[in-house]
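Chemist: Mapping of the sequence shown onto the UniProt record's numbering: position 256 corresponds to residue 256, and the numbering continues sequentially without gaps.
Keep in mind that the hints were calculated from the coordinates and are not lab data. A hint or two may mislead.
[Said to hold, decoys possible] Derived DMTMM-like pairs: lysine to aspartate or glutamate, alpha-carbon spacing no greater than 20 Å straight-line:
id: 1; residue 1: 66; residue 2: 115
id: 2; residue 1: 128; residue 2: 274
id: 3; residue 1: 93; residue 2: 274
id: 4; residue 1: 128; residue 2: 115
id: 5; residue 1: 128; residue 2: 244
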Amino acid sequence: MIEFKKYLPTHSESWILILFTAIVGGLAVGLFAIIPVLIFPESEGVITMISYPLMFIPPYLYIRYKIKEQSQGFFNESGDFSFPINSNDRFGKLGLAGSLLLLIPLVILFNLVAEPLSSWMGVPEFLKQLFEQITDNKIAGFITVVIFAPLFEEFLCRGVILRGLLRYKSPISAIVLSALMFGIMHLNPWQAIPATLVGILMGWIYWKTGSLWLTIFIHFVNNGFSYFVTILFPNLPQDTTYADLIPQGYYIPVYIVSFLIVAAILYLMNKSYDKPISYKI
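Modelling step: build the complete structure from the supplied sequences, incorporating the hints.
Modeler: So, in structure tokens, the structure goes:
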């Protein structure tokens, strides 16, 4: 049986992958979608869904080139594709089920705790229009935001980039740097800051457990919660914050309790996931 070796990008190669995704891939999506959108404007959500995976073709081709150059990585000797997902996930005493149950409140409350760092910027008009277009077709929007984005982005940012950085840098540097790249990949500060923060959380989880599926689940919950709030409450402005939703006078107590719950869950996970995939921070 052929043992697959996994491509581990260096620092500079990781930046190339991000640029290929955000710029080259973004241009590919734009060029592919512009004519169909002009002809069928009512189908913009479906066209976005179909074109979204194109963004990841340039980094995929770069990875394939590097693998051929280095004779290692995602392809075996016959060229078959191998996903960078560890088969020896380490969930400790919590187990997989306990981890999944804790991650749902952790992700939601983590966003509440981190919100003050980004909410002051507001949402630019072009992003409001983009979100409206995505949610116009609910099924296509769900597939794009809640299914495709977690799968493609986690495969690249944690499954490839973070794993490579963990080889060449200290865990804390690798986690923060990969999260920063994840934020920059979104190409706008309003999304970049919260994406970077949740990217740190996902990077830490990946480092502690070795499970890409767990970070995909976090990404799924993060995007899914925001998406369903938008669908269930269509009249809410796109820049609505937790502070807007929580009754006046209750925000600070709710924030403090949320912070303590997040800290407690992270502490419990840290004690359970006691065998990280690299050296301890």
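Chemist: Checking one constraint from the list: CA of residue 66 to CA of residue 115, max 20 Å. Satisfied?
Modeler: At roughly 38 Å apart (the allowed maximum being 20 Å), residue 115 and residue 66 break the hint.
Chemist: Compare the distance between the alpha carbons of residue 128 and residue 274 with 20 Å, and conclude whether the hinted pair is satisfied.
Modeler: violated, 42 Å
Chemist: Going straight from one Cα to the other, do residue 128 and residue 244 come out at no more than 20 Å?
Modeler: Holds, at about 17 Å.
Chemist: Just to be careful, I want the Cα atoms of residue 93 and residue 274 compared with a cutoff of 20 Å; is the pair within it?
Modeler: Distance ~9 Å between residue 93 and residue 274 Cα, so the pair holds.
Chemist: Are the Cα positions of residue 128 and residue 115 separated by 20 Å at most?
Modeler: holds, 18 Å
In this structure, the earlier hints numbered 1 and 2 are contradicted, and the remaining ones agree with it.
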